[in-house]
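K.L.:
Each chain, letter by letter, is given below.
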Amino acid sequence: EVQLVESGGGLVQPGRSMKLSCAASGFTFSDYYMAWVRQAPKKGLEWVASISYEGSSTYYGDSVKGRFTISRDNAKSTLYLQMNSLRSEDTATYYCASHYVYYGSIGYFDYWGQGVMVTVSS
Amino acid sequence: IQLTQSPSLLSASVGDRVTLSCKGSQNINNYLAWYQQKLGEAPKLLIYNTNSLQTGIPSRFSGSGSGTDYTLTISSLQPEDVATYFCYQYNNGFGAGTKLELK
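Line by line, the protein sequences give chains A and B. Note that the numbering used here numbers the first sequence so that position 49 is 49, with each residue one more than the last. To convert, take the position in the second sequence, counting from 1, and add 1000; that gives the numbering used here.
Just chain B, with the same shape it has in the complex:
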């Protein structure tokens, strides 16, 4: 299964609602996680099983989707959210990432 993330680069302002997309070439069956990687740091799990928020992650992060189309939403962008975001389909692989920067 190929995972396609879009956009590859996203510029947004503090307070914006931000939506990142991850599309599979086949049905992903909700076996999808989202990771945040800040510059020079290890990836951090944000969302698992499409929409379950990992312990300690702020509630402004949410996940949704089904079938082949999945979304990570940040309800109100904060400066500390600047990072690259990867989706991961269990036992298949990672998407290429979306780099999120401040406008």
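The shape of chain A in the complex, shown without the other chains:
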């Protein structure tokens, strides 16, 4: 059974940093692109970032480019999201998802974690 378990969320002040983790199990982690998708309270879904199988290619949404960094450790089957210069508008539930990619970063998200809440507030 595919399992994705996020951790590392919580309350953080504006301008500070936070790192999220996602532990994967039940599938061959290195065979999948992986992604982060977020959802602000009572709002819709927004793709944040994706990373290729070995981590050599990364892709970011415009709203986080230059501030967030996606990475992975295939030996640990773990995905990461380093978030710097956090803003109030980054407040959201962050979901880890496996990303079925056809080419580039074109594809859909098939399996999702339960999500972790990040609140950016002073």
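No lab work stands behind these hints, which were simulated from the structure alone. Here a beta-carbon is modelled for each residue, glycine too, at the ideal position from N, C-alpha and C. One thing to keep in mind: the hints can contain errors.
To be verified - Facing chain B, according to a computed beta carbon distance under 10 angstroms, are these residues of chain A, among others: (1) Leu4; (2) Gly9; (3) Leu11; (4) Trp47; (5) Ser50; (6) Trp112.
Using the hints, position chain B against chain A.
P.N.:
Here is chain B on its own, set in the frame of chain A:
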């Protein structure tokens, strides 16, 4: 590409045939998926590539469409289908969602 989902809120009865719409501002080229999100839960993939049913999803769910217009159909609405449904155009973004409730 802008994705417009309609209606934003849909009330239907158990057993009804329900149709949800997702329209793109440009050709989506069938690169479209549908997700179901129940209250307090993570989204779940229902349909990918416009009309391919994800493993484990009941056959009452189906997808169709081409060009700019796409549809998710639930052939016979069940109580457990109460949720918000999002369409997603690959590498572009999600629609705002349709909230489906029981009448």
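K.L.:
Each hint should be assessed against the structure and marked as holding or not.
P.N.:
Now for the hints, and whether the structure bears them out:
1. With a cut of 10 angstroms, the hint placing Leu4(A) at the interface with chain B holds, because the nearest CB-to-CB distance is about 9 angstroms.
2. Interface hint status for Gly9(A): violated, as the beta-carbon distance to the closest one in chain B is roughly 14 angstroms, over 10 angstroms.
3. For Leu11(A), the interface hint is violated, the least distance from its beta-carbon to any beta-carbon of chain B being 20 angstroms, above 10 angstroms.
4. Of the supplied interface hints, the one on Trp47(A) holds, with its beta-carbon coming within about 7 angstroms of a beta-carbon of chain B, less than 10 angstroms.
5. For Ser50(A), the interface hint holds, the least distance from its beta-carbon to any beta-carbon of chain B being 9 angstroms, beneath 10 angstroms.
6. The interface hint given for Trp112(A) is met, as the beta carbon of that residue sits about 4 angstroms from the closest beta carbon of chain B, less than 10 angstroms.
Checked against the numbered hints given earlier, the structure breaks hints 2 and 3 and satisfies all the rest.
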